[in-house]
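Residue numbers (this note's numbering), protein chains in the order written: chain E, 1104 to 1672; chain Y, 1104 to 1672.
Because the hints were derived from the structure by calculation, they are not lab data.
Heads up, some of the hints might be wrong.
Remember, identical chains collapse to one label, so a pair may be satisfied in a single copy or spanning two.
With a straight-line Cα cutoff of 20 Å, these simulated DMTMM-like cross-link-like pairs (lysine to aspartate or glutamate) come out [to be verified]:
1. Lys1299 - Asp1449
2. Lys1184 - Asp1127
3. Lys1299 - Asp1559
4. Lys1443 - Asp1407
5. Lys1184 - Glu1464
6. Lys1184 - Asp1219
7. Lys1299 - Glu1331
8. Lys1443 - Asp1352
9. Lys1299 - Asp1335
2 protein chains.
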Amino acid sequence: MPKAKRKDQTSSTVLTDKELRTLDAHWRAANYLAVGQIYLLANPLLTEPLRPEHVKPRLLGHWGTSPGLNLVHTHLNRVIKARGQDALCVWGPGHGGPAVLANAWLEGSYSQTYPDVSRDAAGMGRLFRQFSFPGGVPSHVAPETPGSIHEGGELGYALSHAYGAALDNPDLLVACVIGDGEAETGPLAASWHSNKFLDPVHDGAVLPILHLNGYKIANPTVLSRIPESELDALLRGYGHTPIHVTGDDPDQVHRDMAAAMDDALDRIARIQHTAREDGVAERPHWPVIVLRTPKGWTGPAEVDGVPVEGTWRAHQVPLSAVRDNPEHLRQLEAWLRSYKPQELFDEDGRPREQVLACVPEGARRLGATPHANGGLLLRELPVPPLERYAVAVDKPGATLHEPTRVLGDLLESVMRATGERRDFRLVGPDETASNRLQAVFDASGKAWQAQTLPVDEHLDRHGRVMEILSEHTCQGWLEGYLLTGRHGLFSCYEAFVHIVDSMVNQHIKWLRVTRRLPWRAPIASLNYLLTSHVWRQDHNGFSHQDPGFVDHVLNKSPEVVRVYLPPDA
Amino acid sequence: MPKAKRKDQTSSTVLTDKELRTLDAHWRAANYLAVGQIYLLANPLLTEPLRPEHVKPRLLGHWGTSPGLNLVHTHLNRVIKARGQDALCVWGPGHGGPAVLANAWLEGSYSQTYPDVSRDAAGMGRLFRQFSFPGGVPSHVAPETPGSIHEGGELGYALSHAYGAALDNPDLLVACVIGDGEAETGPLAASWHSNKFLDPVHDGAVLPILHLNGYKIANPTVLSRIPESELDALLRGYGHTPIHVTGDDPDQVHRDMAAAMDDALDRIARIQHTAREDGVAERPHWPVIVLRTPKGWTGPAEVDGVPVEGTWRAHQVPLSAVRDNPEHLRQLEAWLRSYKPQELFDEDGRPREQVLACVPEGARRLGATPHANGGLLLRELPVPPLERYAVAVDKPGATLHEPTRVLGDLLESVMRATGERRDFRLVGPDETASNRLQAVFDASGKAWQAQTLPVDEHLDRHGRVMEILSEHTCQGWLEGYLLTGRHGLFSCYEAFVHIVDSMVNQHIKWLRVTRRLPWRAPIASLNYLLTSHVWRQDHNGFSHQDPGFVDHVLNKSPEVVRVYLPPDA
Ligand SMILES: Cc1ncc(C[n+]2csc(CCOP(=O)(O)OP(=O)(O)O)c2C)c(N)n1
Ligand SMILES: Cc1ncc(C[n+]2csc(CCOP(=O)(O)OP(=O)(O)O)c2C)c(N)n1
């Protein structure tokens, strides 16, 4: 691989050797714990030679993305601690559950949430055993995972979730790891332009980290196989300033990643300062980090004579027959020992001081941020008395009214009442006015950071109505906003709400699982207003017909879904 | 608006004044016919002064996009005719039905398909009256529209449809107009990277035309409000060579658009020559045209004291009260007469020679290409006798088999038998191997034009297996491929097929409508293989659960949907 390089670098972080060693120790510890979760039933600290019965009978999990996620986590820890920064991370490659869990365990947030998985040898044993095991924890990042607002199942929504979390959280940094595979999906591709809607004054920052490990399940990724200059143009075209980190030598990558993180955070601080203190109203070009490291980095280079590290073969379980194949067993043991666990954990299995040197404290830990448990931050929405909006009807069937216009008045009141608190957003794919909700514009304009012209109406750098022609992005923004403890409404033509069927499925699953998790405080509901109904389609006709969304959600558990129809429906 | 400019221009087309006048006459005629459809019930040729009763009581339709679509159609006509080029056009802003219908009527393909809508005054009267009228034709591009494979309803799929149509059609040019609004959607954003999968040897060319008219329904578009340099970087990042055409002076835009079209087609011809004759295997950078003209161009500049032309207010019906408001009526008449209908149509309502000078002949007309009526080109798929793939089962429940592996063998045979014909494709989001269909790779590799490395397997510049991590793009490619008369299969994890729920809805609606259109020949079925079923999710667990897709399609008419379950399901 070419030596790392970064363009436009502004910060010149130089790690001391000691710092480098602590970061590397943390990273190795996380890698060790990730491999341990995938493979080990027993002997977690390798205090004895590895034997087949120490290994799980069924090997499940995703190794390939884990070393990259661990690297990001280690370096986020460093800057969070150094800067006293509040942060949340959205892990796009959430199938890399072993990495996220490893880090939560290392920083102690895991044991705090699940005391039986203590930060010692016994707890490490449980951490390993429970992973993707009957009665244990999911192999993917899930509602069960501390610090998470984003399930690692269906790919595509990481960045819109991250933006949703950042809105109206001015002090929050939302890091977002995007797999180069996930970057091929439509929802992800659309969501890059969210930066045209992020207010540097009232919103926090989103730091996308494009994880260019080169492969998906069985194929190279598009973005890793175009020239770097083309990728750079693409990201600049999205409105970002790219910072490239490339390499496979851990020390060098640590140095470059530390510098890249500082560069990114310095840029963010300058952008926020310029907007907040100097009042400059130009659209900022937020940084994005491109991290190009091998898939399955530090794992087995070759297995059964074929390359694995740095290829798609590292995606899941690189050594698949450990119990039956002595050579695989030997390779696994060598792999685990390559991290030097005895340097990383004391005899009781506790992470040594050096490993924890980069880890922040308390609610600054990524697994402990209250923003990822939004219900804790939720305030009741100031909805005015509904009677105030009652429409007088003298005789049934004698008068005509536009119900959404009335709703627009109510929303105006909610917008106004949350003007200071800023915890309510209205999203939609360019239909707020055609849905007759425009009264709301009297209380808040439409978020917009791109160019404006004199002819424009209701565009507002600080607006809380959000319109982008992407139902996926609207849904993702709102989910991220609600999951971090706020309120909102999505207004959508009935015909096109099917676009988000699968996102709705994911969100409903998330809600269902969180209900069984006592530590997760309930969040606000995701409210849809469906308009332009199929049965009133004289304008657009057949092209706009499909009433099935209500069917779709009614198939879900009534525990989490409610459908309200107008009295005359 | 700034004067038009084009970067990297290679062709130096100079229109003669005569050519310019014929192109402008065609464009004006199409604009006239578009406005006529939206407004007129009678008096189609304006042979008498316009009176309220000549105007439809309910005004429906989308004007804003129409002049741009008309401009594209006029200039496509020119190059198709000049070069004897086979072409198909996918109209992303298909809500601009008036424009597409106007052009089909002008070129005669409309009357050929619907003889009662003749190319004369009577037919023009019918064309106007039937538009978005009870018992008439849809206001959007629809299955009823000659030359169309793409319904103008849900936005997002224009470019993936265009690529699907171009695959294995080496002589075909597929132009694709993309609205700057549509460009905000996820499916559209993802599909730009389809150029990494287009084989310049066996596939045709796709020419995207980004229609930057600046607005959606009620908002500016993101891509029109970033600096041109940023947009240029974005398109280069997508792997394209942008050709910019910007302006609001019709003559200048005609000159620039003609030069841009020639430039684009010259580039395409060179790319194809280099790949086909010189055997060069580098990924080409296909041209893209960026057309930046006002929304509702040539329509009313102001209505009721507010600007309309060049704003979102031109999106649908710029003058809304024509029957009741004499000033609106006057403006409408002035608008219609501004095109000088008497110069364009003779007394019998037939387009004059000058108007038709640019129009190509026969099947070269965009409304008459057989590629848009794919059933005409369909050949039976050489499926081997199924018995050959029967799995011997001695005793029920006693042996284990992997059914998809067997299917892989069958698909291999189909791939092989279509090796010369090239009318079968297998698509999927990176799961062909994990779905155990890999036998197919013995007959065809995976389409891939980006960089390759020695470690890669089965990547093939000429492959017919297509894997991209975008269910939307897979579905769009396959729809485009089938609609142009070929065969294919989509293999997908059951959990994630919901991503394309809404696309499936659209496709099913399309199929249903075409069954009632005798001139539309039936096309091949869209076959899904759903794998990794919810009930077998020990690997990925809850993150991968949702069996509702079968429900979803079973809700549709049995006329067009079939579900097959394995005998042991
Ligand atoms: C929408 C969707 N389609 C398919 C999959 C199946 N899948 C799981 S992981 C993966 C590859 C992901 O690649 P990338 O995002 O680059 O992550 P990494 O390589 O870091 O694991 C795929 C295709 C999925 N999870 N979601
Ligand atoms: C997925 C989807 N969401 C919303 C709409 C409603 N809609 C119809 S036209 C339109 C604006 C389209 O803008 P653009 O693509 O730029 O077309 P043009 O401005 O040329 O009309 C919108 C949002 C739609 N058709 N499809």
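Checked hints:
1. Lys1299 - Asp1449: neither (49 Å within a copy, 51 Å between copies)
2. Lys1184 - Asp1127: within (16 Å within a copy, 66 Å between copies)
3. Lys1299 - Asp1559: Within one copy, since 16 Å is at most 20 Å while 38 Å is not.
4. Lys1443 - Asp1407: Intra 24 Å, inter 77 Å, cutoff 20 Å: neither.
5. Lys1184 - Glu1464: within (8 Å within a copy, 71 Å between copies)
6. Lys1184 - Asp1219: So Lys1184 and Asp1219 fail the 20 Å test inside a copy (27 Å) and across (76 Å) alike.
7. Lys1299 - Glu1331: Result: close only across copies, 15 Å inter versus 24 Å intra.
8. Lys1443 - Asp1352: within (17 Å within a copy, 72 Å between copies)
9. Lys1299 - Asp1335: both (19 Å within a copy, 17 Å between copies)
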